[in-house]
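Undergrad: Each chain, written out:
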Amino acid sequence: MQTRSMQTKRAARNVDIAIIAVLTVMGVLMLMPFLWLFSMSFRPAAEAYKMPPSFLPPTLDLSNYQTVLNSAVPFLKIYWNSLYVAVLLTIGQLVTCTLAAFAYARLRFPGRDSLFFVMLIGLMFPAQVTILPIYLGYAKVGLLNNPLGLVLMGLTSSFGVFMLRQFLRSQPKELEEAALMDGAGYFKIFWRISLPQLRPALAAPAIITFTGAWNSYFQPRALIESQQAMTLPIAMDLLRGYMSQGNLSVVMAAMSMSILPVVLLFLVAQKMVIQGVTFSGIRN
Amino acid sequence: MAKRRLSDLRKAQMRAGYLFVVPSFVLYALFVLVPVAITIVLSFTYYDISFGADWVWFENYQRFFGESRSITIFWNTLRFAFFAVTGNVLVGLLLALALNRAMPGWLLYFFRLAFFLPVIISAAFVAVVWSYFYAVDFGVINYYLNVLGLPAVPWLTSSKVAMTSIVIMDVWKNTGFFMIILVAALQGVPQPIMDAASMDGASPWRRFSRITLPYISPVLFFCIVFATIGALQVFESITILTGGGPGDSTRSLSIYLVDEAFGSFELGYAAAVSVVMMLLVLIVTIIQLVGSRRLVEA
Amino acid sequence: MQKILAGLLLATAMVAPAWAQSDVSAKLRLMTFGGEAQVKATQDAIARFNEDYPNVEVELGVDPISGGWGDFVSRVLQQYNAGEQYDVYHTAVETLQSFAARDMFIPLTDFIEGNADFEDFDPKLFELTAYKGTTYFIPSTWNNIMTNYNRALFKEAGIDTPSKTWTWEEFADVAEKLTKRDASGNVTQFGYEVPNFFFGLMPWFFSNGTSPITADWTASNMTDPKVAETLQFLYDLIHVRKVSPQVGQEGVENQFFAGQIAMISRGHWIVQNAISSNLDMDIAVQPGRVNNNTVIGFGAYGISSKSQNVDLAKALVTELLSYETQVAEGDLGGAVPGRKSAAETEGFLKFPPSAPLYYETLPSTQAVPSPANFQEVDQIFMRYFQAIMTDEMSIPDAVAAADQELTRSFERLKRVTQ
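Chains as they are written, first to last, in the working numbering: chain A, 6 to 289; chain B, 88 to 385; chain C, 718 to 1135.
In case anyone wonders, no lab produced these hints; they're calculated from the structure. Note that the coordinates shown come from a computational prediction; the quantities given were computed from them, not determined experimentally. Any given hint might turn out to be false.
As the list claims (entries may be wrong) - Restricting the straight-line Cα-Cα distance to at most 16 Å, the calculated cross-link-like pairs of lysine to aspartate or glutamate (EDC-like) are:
#1 B:247 to C:1108
#2 C:959 to C:1108
#3 C:841 to C:1077
#4 C:744 to C:788
#5 A:14 to B:282
#6 C:1067 to C:997
#7 B:247 to C:1109
#8 C:1131 to B:141
#9 A:145 to C:801
#10 C:1023 to C:820
#11 C:1131 to B:135
#12 C:1057 to C:1077
#13 C:1023 to C:801
As the list claims (entries may be wrong) - Far from chain A by the CB rule (all over 10 Å, computed), these chain C residues:
#14 1023
#15 1077
#16 1083
#17 1117
#18 1124
All C-beta atoms in this analysis are idealised placements derived from N, C-alpha and C, irrespective of residue type, glycine included.
For reference, chain A alone in the conformation it holds in the complex (with noise of 0.2 Å):
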């Protein structure tokens, strides 16, 4: 005889299992554009623009991918560009923003709070508006065509900053206490107490820093123009072509190379990525 919980129970298993069916159908269609690009790059150029669009790769012929690292766009040097600028900005940002942080989190100073105010407000400003002053400002000093420039931008974010004050907020102070009370300098508890407790929320940052820079377009384009400085998302541009001369199964290839090194770290850091930005998020 089935009890009324049972058959409650019975019920929300498939209210449980009718919605995941239901999540199931959205995520294998929330990854069909992956899987067109993915399947696109594997088309032979002549038949790139064929009907109907195929999802799974139809050959395993990497003659697109080929074309891509055989053009007169040095598309390696790009794709290191892309990864040092990327993996550069992303160290300095933890290192300002973690500083930063502490400071806002921990330490007492006049116009702190006002200070805080202040760099807030710089998620409001886009990228286009501030671009034409940084263009002539680096012309200046020759930093025009310089991945390097590209980092000095970002070493800093105001994103980073909050999110990790928040974070250091919610961590319970006895440490730093008891440290100061010992008589350490103020970098010692940095160093030893609030950075350790920061590590679980500087994955989620980092992540996202890192793939902002991967990603990034607007800045690249205005700032670089030689081939040689260029990142990822411009030669994408090069290799569209003048009024989109460029193959499609050629782009898509080049495409599939690019989100790689965002896909890889992505599955590889899922779970601090997850805790990450979720501890951030929760207090507000």
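Could you slot chains B and C onto chain A? The hints should help.
TA: Frame of chain A, contents of chains B and C only:
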């Protein structure tokens, strides 16, 4: 002895405070505050890059608020932000609610991947791919609609549909981010209270609105503010997908700004548009913050 | 001994011309545009230049022009302002007035006249690079708009190849014959694609003896009834005769290559993709009403007025315009070489079958309207064009509104040109 120690401590704190804050603040001032200040000044001039600046006071602003085109674009920006934010956060919430149940670990992993992947891909790439999906006559979506016997939809060629198409793409790209945050927020809702409520016979909707919602409201609010700031500034996806067209139906302030600055060489006017845009973001955010005081339970 | 010395000297003297390298050491900066094909040809030209000037480092900047030519002009203006200008620029006709009005390039009239090598370039091209009597740019390669058609589809439908004087009506009939529908009424093959870009639309206006702006590029011409007439014809192609897909953002060259569109208005730049798609394609002249004129746009090299190495720059430009470079650009399927001889090579003429038509039509081309506010003109026109074609606005309304906006734009332009 104790007093001296206290003021030494205070001084040490001040020194450390400023020292630690200086790197990020100086960079911030250089790359954000200074350019913004320059932009604000430029907005009161007619600036030609070869010939220099002419002071024109409020002419640029008069032009912005006087031309029907710029007003249309202003409202477009707001409208897009409204729909995009609603879509992103609502879908993110629904997905989070759906995801917040027991399931095999590999399935959870698959869902996280499927929904978060679009977030980490470049907006420029996403727009290129979607432009092939949305192409009217030989695009992927319409191809399958035809196969199913449905009429083709003028995704990007009808000014009535274009904005919707862009919102769909924007939600596809960004909802995963909010989903992840909201899943974590949902997990912070104490299970015992939920259990007690269902034992008392509360309907799922009641449980949600009376318990879940209040608990996640701070996070939900954070999502809304964050999504709004992003949506008001959207640029790359729209530029590549429609260029602002057809007509001006999908043109946002940031696209208009770039058009005027780099296409029409109207740097002073573009600066004025920038200022309007920044004020818009500021005002909307303030409204949301004020609203949160009343609606959000800390 | 003396004989040996003399012999050595003589030998050296004979070999010396082959060694006529300059040891001068310098850095030249070259800015060009385009995609991979153009970049390759330019890189090869630089390599040849370096054979004669091994110690001159040439830095190459490439702009994919994904933001339009106005964007490019903006960048160049910023470069000059910041002291970061390049020595040599490869730019397009649309930009010439914007640049010339600001004294950014050196006059090249003497350089051109003194160089017999440039006689190989069609004089018509030089006509179009002069500004107020002085020539600041040397044309490099050019593109016009031809009617590219799918020969296989024509044969299949039993249609004759278009004549050199075919009319709008004949064209529309052909397009109708080439439009196929399936059982449910969906179009599986379109006869023609109404262009969605300014350059591609101009031939329709020129062949009707009109243009969106006045012939001297100083004011709007939208109120000319012929402009409305042309717009009506194009509108009918889409909505009445239904031979063309709707005007959108993404071009439909892809579908042309896949054989789903029979005719499109494009230039020589699609040749490479046509070849790699194995398309049986040929070209025909622009259908005519008043004449069969089409539009021309071209690239041109200029030397910055702030360059420190003008002579070296001239040498580089000479190499960039050399026969070899021109042949390479033509072969790689980019634009049509400005040198007539480079357009007569086998590589250039092998595809499409009527390749000689490109040069044949050169005398009947009109330059794409290129006032100093061209990007705005382009933008304003295309916005209203799209509004008309997507049935958002009626032609009279759109034409009046476009006229207003264009006039305001020209008003603002006076600030610069005065």
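Undergrad: Hint by hint, note whether the structure agrees.
TA: Hint-by-hint comparison with the structure:
The straight-line distance between the Cα atoms of residue 247 of chain B and residue 1108 of chain C is roughly 11 Å, inside the 16 Å bound, and the hint therefore holds. As the CA atoms of residue 959 of chain C and residue 1108 of chain C are separated by approximately 14 Å, the hinted pair is consistent with the 16 Å bound. Distance hint between residue 841 of chain C and residue 1077 of chain C is fulfilled; the C-alpha atoms sit about 12 Å from each other, no more than 16 Å. A distance of roughly 26 Å separates the Cα atoms of residue 744 of chain C and residue 788 of chain C; the hinted pair therefore is violated under the 16 Å criterion.
The straight-line distance between the Cα atoms of residue 14 of chain A and residue 282 of chain B is roughly 13 Å, inside the 16 Å bound, and the hint therefore holds. Distance check on the hinted pair: residue 1067 of chain C and residue 997 of chain C sit about 12 Å apart at the alpha-carbon level, within 16 Å; holds. Proposed proximity of residue 247 of chain B and residue 1109 of chain C is supported: the alpha carbons are some 10 Å apart, at most 16 Å. Using a Cα cut-off of 16 Å, the hinted pair residue 1131 of chain C and residue 141 of chain B holds, with the two alpha carbons roughly 14 Å apart.
Distance check on the hinted pair: residue 145 of chain A and residue 801 of chain C sit about 8 Å apart at the alpha-carbon level, within 16 Å; holds. The suggested pairing of residue 1023 of chain C with residue 820 of chain C holds, with an alpha-carbon distance near 10 Å, which does not exceed 16 Å. For the suggested pair residue 1131 of chain C and residue 135 of chain B, the alpha carbons sit about 13 Å apart, so the restraint of at most 16 Å is met. The straight-line distance between the Cα atoms of residue 1057 of chain C and residue 1077 of chain C is roughly 11 Å, inside the 16 Å bound, and the hint therefore holds.
A threshold of 16 Å between alpha carbons decides the hint, and for residue 1023 of chain C with residue 801 of chain C the separation of about 10 Å falls inside it, so the pair holds. With a minimum CB-CB distance of about 13 Å to chain A, residue 1023 of chain C clears the 10 Å threshold, and the non-interface call stands. Consistency note on residue 1077 of chain C: stated as away from chain A, and its beta-carbon is indeed over 10 Å from all of that chain's, at 23 Å minimum. Listed as a non-interface residue, residue 1083 of chain C keeps its Cβ farther than 10 Å from every Cβ of chain A; the least gap is roughly 20 Å.
No Cβ of chain A comes within 10 Å of the Cβ of residue 1117 of chain C; the nearest lies about 31 Å off, and the non-interface call holds. For residue 1124 of chain C, the non-interface assignment is confirmed: its Cβ lies about 28 Å from the closest Cβ of chain A, beyond the 10 Å cut-off.
In summary, the structure is inconsistent with hint 4 from the numbered list given earlier, while agreeing with all the others.
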